[in-house]
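Trainee: For the sequence shown, the numbering used here begins at 13 and goes up steadily by one.
Treat the hints as calculated values from the structure; they're not laboratory data.
By construction, the Cβ of each residue, glycine as well, lies at the ideal position given by its N, Cα and C atoms.
Just to be clear, a hint being listed does not mean it is correct.
Label-pair restraints from in silico Cβ distances [unchecked claim]:
(1) T97 x G119: 19 to 25 Å
(2) S110 x S196: 16 to 22 Å
(3) V85 x T144: 19 to 25 Å
(4) G169 x G82: 38 to 44 Å
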Amino acid sequence: MVVSTRLKALLGAGFVLLSACSANSSHTSTAATSATSLATSPATAARASVSTPATSSAPAEAASGSCYTGSWVSTDYAQQSQGETTHGGSGFHLSISSGEMTVDFTGMQPVTLSGSVEGQGIFSGSEQAPVTFSPSGTFTIVAKGTSNVTFESKFNGAASFGDPIPANSFPSSGIHGSYRCSGSTLSLTVPTPQGPTTWTLARS
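Build the full structure now, drawing on both the sequences and the hints.
Mentor: Spelled out as structure tokens, the structure:
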């Protein structure tokens with residue numbers, strides 16, 4: 013999902029996730045509002061053009077040590093909310109060092125929305141943000157970092173993506189989520205008004 017903006021979605025969303033902006037307007041080739049990146053999931057960013065119902069849930073699991081540090085590549089982005097499922101988003105790169113998270117969306121494959129809204133979305137650009145991880149399995153991004161991330165979407169079988177919109181929103185309360193790390197796999201989960209958003213990554 014910096015990762016900061018996209019993660020709150022998270023992973024997002026738009027890493028994280030993801031927390032979220034959404035507007036009540038139909039999607040056209042140009043969007044009149046901005047999406048969130050890390051703080052908002054791609055599904056949430058897509059809702060900047062198409063509004064949908066919202067639910068809330070947040071899984072968590074304890075973890076220990078600094079297993080999460082290093083370089084990672086996305087294998088899946090997942091979000092479920094009322095009448096809608098989002099999956100995909102493999103191929104973008106995440107780096108976590110002491111106190112900082114960086115996301116590079118170069119090479120990201122589109123996420124696919126199915127259910128009450130049908131379409132695809134994709135992020136471009138990169139972002140960084142300060143982050144803290146706790147041994148109990150939680151992480152926090154309290155401030156927006158640097159970002160040039162944009163979001164593009166297409167709906168209802170459109171042949172091409174619409175014009176990119178800035179993905180630069182950041183929730184005033186920051187981004188709070190949970191993580192699970194096995195050494196070779198890392199997952200980041202962030203609760204959002206639309207439902208929990210999870211990024212799954214493999215060590216690169």
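Trainee: All the hints need checking, so say for each whether the structure fits it.
Mentor: Taking the hints in turn, this is what the structure says about them:
no.: 1; hint: T97 x G119: 19 to 25 Å; verdict: holds (23 Å)
no.: 2; hint: S110 x S196: 16 to 22 Å; verdict: holds (21 Å)
no.: 3; hint: V85 x T144: 19 to 25 Å; verdict: holds (23 Å)
no.: 4; hint: G169 x G82: 38 to 44 Å; verdict: holds (40 Å)
Consistency note: the structure conflicts with none of the earlier hints.
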